[in-house]
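Undergrad: Protein sequences appear in the order of chains A and B. Each residue of the first sequence is one higher than the one before, starting from 0 at the first, in numbering that gives the first Met the number 0. Each residue of the second sequence is one higher than the one before, starting from 0 at the first, in numbering that gives the first Met the number 0.
Simulated from the structure, these hints should not be mistaken for lab results. Where hints are given, some of them may not hold.
To be verified - Below, simulated DSBU-like cross-link-like pairs (lysine-lysine); rule was C-alpha separation at most 30 Å, straight line:
| # | chain 1 | residue 1 | chain 2 | residue 2 |
| --- | --- | --- | --- | --- |
| 1 | A | K23 | B | K319 |
| 2 | B | K319 | A | K136 |
| 3 | A | K23 | A | K294 |
| 4 | A | K145 | A | K117 |
As the list claims (entries may be wrong) - If the Cβ cut is set under 8 Å, some of the chain B residues that face chain A in the computed set are:
| # | residue |
| --- | --- |
| 5 | R2 |
| 6 | L3 |
| 7 | E6 |
| 8 | R13 |
| 9 | T14 |
| 10 | K15 |
| 11 | T219 |
| 12 | L235 |
| 13 | G267 |
| 14 | R271 |
Claimed, not checked - Have a look at the derived ranges for each label pair, beta carbon to beta carbon:
| # | chain 1 | residue 1 | chain 2 | residue 2 | range |
| --- | --- | --- | --- | --- | --- |
| 15 | A | K139 | B | G220 | 14 to 24 Å |
| 16 | A | H6 | B | L391 | 29 to 39 Å |
| 17 | A | E77 | B | P398 | 22 to 32 Å |
Note that the coordinates shown come from a computational prediction; the quantities given were computed from them, not determined experimentally. We treat Cβ as the ideally placed atom computed from N, Cα and C, and that holds for glycine.
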Amino acid sequence: MEIILEHVTKHFKDKSNKNNPVKKAVENVNLHLTPGVWGLLGANGSGKTTLMRMVCGIMKPTSGCIRYDGIDIESLDEAYRDKIGYLPQEFGFYPEFTVQQYLEYISALKGLSDDLAKERINELLAKVSLEEVRRKKIIKLSGGMKRRVGIAQALLNDPEFLVLDEPTSGLDPAERVRFRNLLSEFAKDRIVLISTHIVSDIEYIATQNAIMKNGEILHTGTTQELVARIHGKVFQATIPQQELPMWESAPGIQIVNLRNEEDGRLCLRYLGKQADIPDAVPQNPTLEDLYLYLK
Amino acid sequence: MIRLYKEELKRIVRTKSTLLFLAAAVALSVFMAYIPVTYVRFTYEENGQEMTLKGRDALALRKQLQAPSAGEVTPEKMAQGLESYQKNLERYGDFYDDFPLSVHNTEIFPWSPLITRLHEVMADPDTGLAPDYAKITEADALHFYDHCRTRVADLMKSEQKDNPQAQQIATSMYDNVTMPFYYYPGYNSNMFEYEGMYLFLLMFLCIMITAPLFCCEYQTGADDILRSTKLGRRKLAFIKILSILTLSILLFVLCMTIFMVISNSIFGWECRQTSMQILFSASTLLGLNIGQLQNLVMLAGFIALLSCISFALFVSSASKNTTIATSLTIAFSLAPSILYMMAGGNFAAYFRVLLPSGALGGSNSFSYALTYYFEFLKIGPVTVWTPWLLMLVPAAEIPLFLWLTVRTYSRRSLN
Ligand SMILES: Nc1ncnc2c1ncn2[C@@H]1O[C@H](COP(=O)(O)OP(=O)(O)OP(=O)(O)O)[C@@H](O)[C@H]1O
Ligand SMILES: [Mg+2]
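So here's chain A without its partners, still in its complex pose (with noise of 0.2 Å):
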């Protein structure tokens, strides 16, 4: 199974800006998914959202073609929808709906038989800790529970592709914890598909990462390949805190990080030269150092 865009571009018509009136929010994207997990990495509004709406068949790509085993997603129709999951970055539910009752509609649209459903809801339900509260009404559920019965509904039909636009917003470190382990058992010879914007997420789940910035795929690899690109440009130096507006300032430091110390001295993670601050020493390089790096 792999699914394949190629120069998938999406304009949107911007009438606020007369200068600019084409908007690209997604420009020439070209990828090739492969099962497991692939984070998608971009600052807000690169275009990751509309890319995954792209994907799912909601949003029709300006130009360019999406193929799920080399056949159009647009001419497979229901048979591609049967195959995905997609949590939306918002979305709404029906005010008088409980998470039990929303999971069954959500079912029945998915064309999933009674039996079956109350089976997945159940199995689903315990899967992201919700089974207390299934007979409440969901916008009476916190931010975070409400993330976990969209992440339940992406994963009702059991999905082939499952497509999850920001999908640990608003979930705290247990849950987030939970949320990768569901995840890492889910993708065995599956896609699964995450934005994000906070690295440290994907850095340890995603086998493949897509670096997006204004619309383009930068870069795309496993977190080793990418993180090799700046290998021996990440540092740690201590300064005192009055040198700080400085290195601040300073030509080819970028700071990525900085931390109190008890001595009320500062210690700085920067990327740049190891000669720039005296003192330095070299870091292991994260995907979170070449996001910033990227940027």
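Go by the hints and put chain B with the ligands onto chain A.
TA: Okay, now just chain B with the ligands, sitting in the frame of chain A:
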């Protein structure tokens, strides 16, 4: 698919506003069927004092007093009634002003439903003015049914001067009217106004239930998930339509049953056999009795209702939010009534038959067109009696709007 249908029905019924509108529809059916009888009055004299009865008591007394004219309307009854009229006219003069109440109640009132019709058909063919009661002869009364036919022909000549085709349609329609007529006292022709008004209200309630159906998904953003599911496109549109139609039809059947049972039980089921020609006007073109008329008005209302619902569905599938969809649909549904009141004339007449709600409203309602007006519309070379158009056009619009709904919903790509 069947599961989705059940789930969608459950979803619609679960919505609070829907429940409210459903309850309102049922409550109104009871209310609207009951109030007409509360307006029935009858004044009589007892020991030299005027007494007024109200409501069901008044109705019972009216039925009792008019018993002599109940049943088949025979020429002999006409003659008997006329005699009673004329005898008293000689004695007391103009019976509107000068009659003692007790004489009016016992000698005039029992025959008035029949004699009014005799008076009506004796109108002068040129001026259209009805003659003095004193000038009508017994022979006229005995030839009541012949006068009816002549009257319709005369009327059409003056009302549809330029349209011989309309004259001909009217005459041949009247040839099919069943004679003799029947009359059963008690029924109030206002009942049709209430039936019409109730259908009009029911239309609003159904629009309120229907209008959010598609656009609420766009508005809340629930749409994204729906559209990414297997059945979430064309099939969901189809199921949504089917669910709302199921619900509306059930609601219609329930409410109209309540309405009919209550109103007919109050006024008496035998009144359903009264001929339209006695209750409304001797020149009414349709050969139906009140029961058949009730059913026909109901059928026209049903078609108009389904047509409005289909229209609301289409608007909903094309609108961004519920407010726009609801107000737009309501504006269109009110258009025939408003146009008819404000503009009238030919344009309004053509325009309203094109709208789904053309048959619903006040003075533009189907039962008016059926009973009081001789309305014909010319479509190119063909002339058609307006009430038929008021049923046919909305009926033809139902599949059109439903098709547009499915198309709009499933093609809507969120840009
Ligand atoms: N329907 C739309 N009409 C016009 N412009 C749009 C539309 N949807 C998105 N855009 C624009 O396209 C760009 C990409 O938006 P998108 O929502 O895909 O970004 P994102 O990467 O998901 O951002 P975030 O991290 O904030 O969720 C933005 O500039 C946005 O303003
Ligand atoms: Mg987004």
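Undergrad: Does each hint fit the structure? Answer for all of them.
TA: Hint check results:
1. A:K23 to B:K319: 24 Å, holds
2. B:K319 to A:K136: 26 Å, holds
3. A:K23 to A:K294: 18 Å, holds
4. A:K145 to A:K117: 20 Å, holds
5. R2: 5 Å, holds
6. L3: 4 Å, holds
7. E6: For E6 (chain B), the interface hint holds, since the closest Cβ of chain A sits about 4 Å away, which is under 8 Å.
8. R13: This hint holds: R13 (chain B) lies near chain A, its Cβ roughly 5 Å from the closest one there, short of 8 Å.
9. T14: 6 Å, holds
10. K15: 6 Å, holds
11. T219: 3 Å, holds
12. L235: Nearest chain A Cβ about 7 Å off; hint holds.
13. G267: 44 Å, violated
14. R271: Violated, about 42 Å.
15. A:K139 to B:G220: 14 to 24 Å: Once the Cβ atoms are compared, 19 Å apart, the range 14 to 24 Å for G220 (chain B) and K139 (chain A) holds.
16. A:H6 to B:L391: 29 to 39 Å: 52 Å, violated
17. A:E77 to B:P398: 22 to 32 Å: 24 Å, holds
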